[in-house]
Structure formats: structure tokens, C-alpha cells
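Enquirer: Per the working numbering: the sequence shown = residues 48 to 221.
Keep in mind the hints are simulated off the structure, nothing from the lab. This structure is a prediction, so every number in the text was calculated from the model and none was measured. Be a bit skeptical, because a hint or two may be false.
Simulated restraints, written as ranges between beta carbons of each label pair [said to hold, decoys possible]:
id, residue 1, residue 2, range
1, Asp-203, Gly-71, 34 to 42 Å
2, Ser-214, Leu-50, 39 to 47 Å
3, Asp-204, Ala-54, 18 to 26 Å
4, Thr-148, Arg-58, 13 to 21 Å
5, Met-99, Thr-64, 19 to 27 Å
6, Glu-190, Arg-85, 16 to 24 Å
7, Glu-156, Asp-199, 15 to 23 Å
8, Pro-49, Arg-107, 37 to 45 Å
9, Tyr-84, Arg-107, 26 to 34 Å
10, Thr-191, Asp-135, 32 to 40 Å
11, Val-92, Gly-158, 28 to 36 Å
Note that CB positions come from ideal geometry on N, CA and C, so glycine has one too.
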Amino acid sequence: IPLDGSAFVTRLGPPLTEEFARYGVFGEAADALVARYRELYAEIVIPSTVAMPGAVDAVRSVTDRGGSVLVVSAKFAPHVRSHLRALDIEVSAVVGELWSTGKAQALVEHGAEVYVGDHVGDIAGARAADALAVGVASGPMSETELAQAGADVVLDDLTQFAGWLDSYLLATVH
48 IPLDGSAFVT RLGPPLTEEF ARYGVFGEAA DALVARYREL YAEIVIPSTV AMPGAVDAVR
108 SVTDRGGSVL VVSAKFAPHV RSHLRALDIE VSAVVGELWS TGKAQALVEH GAEVYVGDHV
168 GDIAGARAAD ALAVGVASGP MSETELAQAG ADVVLDDLTQ FAGWLDSYLL ATVH
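Please model the complete structure; the sequences and the hints are all you need to start from.
Expert: Written out as C-alpha cells, the structure is:
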């Protein structure tokens, strides 16, 4: 299958089956590719991953202020948990394999008040869950794209999150 890796990486976020469909790969063939991807991912990607600047501090800023952190991802949940363990990041819960507005179910179920993401699909999920949508422009989407998708707040990167959280909590107390 002539996959275009350079183009592939520009469309990270949606489920892999959507990307494979661009190449005419569906059903069992797509499922087999997803299974192989997951196998290779665990061996190659997780051990080489480093935390994004500000990620560890962002999570700690929530827990230090009495909040809990839920990770809702389109990724395979066991991979998300493996990343978090490898990076020594503790969270309350992980829900995987949800995309865009499909994330709303987990956000509502876990009582999420704020959802932070770097993709317009994350903003759609937050909006569908009636959670405050915080866009972070350090991923595949620009500040403009996140704002146009309906983000309530757009940060340049996660290093700004703790400061934003303090201002948000101060504003919601009054």
C-alpha cells in the first residue's frame, strides 16, 4: 500500500481507519494494518517519546489544586497508559479510542469541566460535552483553527496552562 508518510503525519488525530480509507483500504485489511501499527507503536514509539514542554507541569497544576485529570484520546488506551507510565505522569482515568464529538460521552461520564486538546476534534468533543474548550496550538492545528472551531481559550503551548488555570479558578470562585 503506497502510504504517504509525510502526508499521513499532517493528519494525525482521527482514527487510523479514516486515514487508511484515503488509500482505499477498508474492513479486515484496515483492521490488520491497525493491529500491526499498534504492535510497532508499542515497541518503537512509546520508548522514544518525551513529554511535550509543559505537559508534566500542566497535569500537576490540576492535581496540586485539588482537581483530577482524565485523559480522553483517539489513541489505543493501553498505549496512552504506557506513555503516561513511561513519562511518570499520574492521572485519574484514561479513556481511549474516542474521536471528536465521541469524546463527549467520556467527558460527561467523568464530570469534566475543562477539556484541553490540540485538534479541532478535541474542541468539538469539549463543546459536545458542554466543557470549557481549551485549545493548545502546539499540535497539528494553529491558534486560528482552534479558535474558529470554537475553543473558549487558546494557549500557545502547555507551558501557559498553569497560569491560565490559576486565572480560571480565581474567576470561577467569585
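Enquirer: All hints are to be evaluated individually against the structure, with a verdict given for each.
Expert: Taking the hints in turn, this is what the structure says about them:
A hinted range of 34 to 42 Å holds for the C-beta pair Asp-203 and Gly-71, which are about 38 Å apart. Distance hint check for Ser-214 and Leu-50: the Cβ-Cβ separation is about 43 Å, which falls inside the suggested range of 39 to 47 Å. For Asp-204 and Ala-54, the Cβ-Cβ distance of about 25 Å falls inside the hinted range of 18 to 26 Å, so the restraint holds. Thr-148 and Arg-58 have their C-beta atoms about 18 Å apart, which keeps the hinted 13 to 21 Å range intact.
Checked against the given bound of 19 to 27 Å, the beta carbons of Met-99 and Thr-64, roughly 26 Å apart, stay inside it. For the pair Glu-190 and Arg-85, the supplied restraint of 16 to 24 Å is violated, since their beta-carbon distance comes to about 32 Å. For Glu-156 and Asp-199, the Cβ-Cβ distance of about 21 Å falls inside the hinted range of 15 to 23 Å, so the restraint holds. The hinted range of 37 to 45 Å is satisfied by Pro-49 and Arg-107, whose Cβ atoms lie roughly 44 Å apart.
A hinted range of 26 to 34 Å holds for the C-beta pair Tyr-84 and Arg-107, which are about 31 Å apart. Separation of Thr-191 from Asp-135 is about 34 Å and conforms to the stated range, judged on CB atoms against 32 to 40 Å. The hinted range of 28 to 36 Å is satisfied by Val-92 and Gly-158, whose Cβ atoms lie roughly 31 Å apart.
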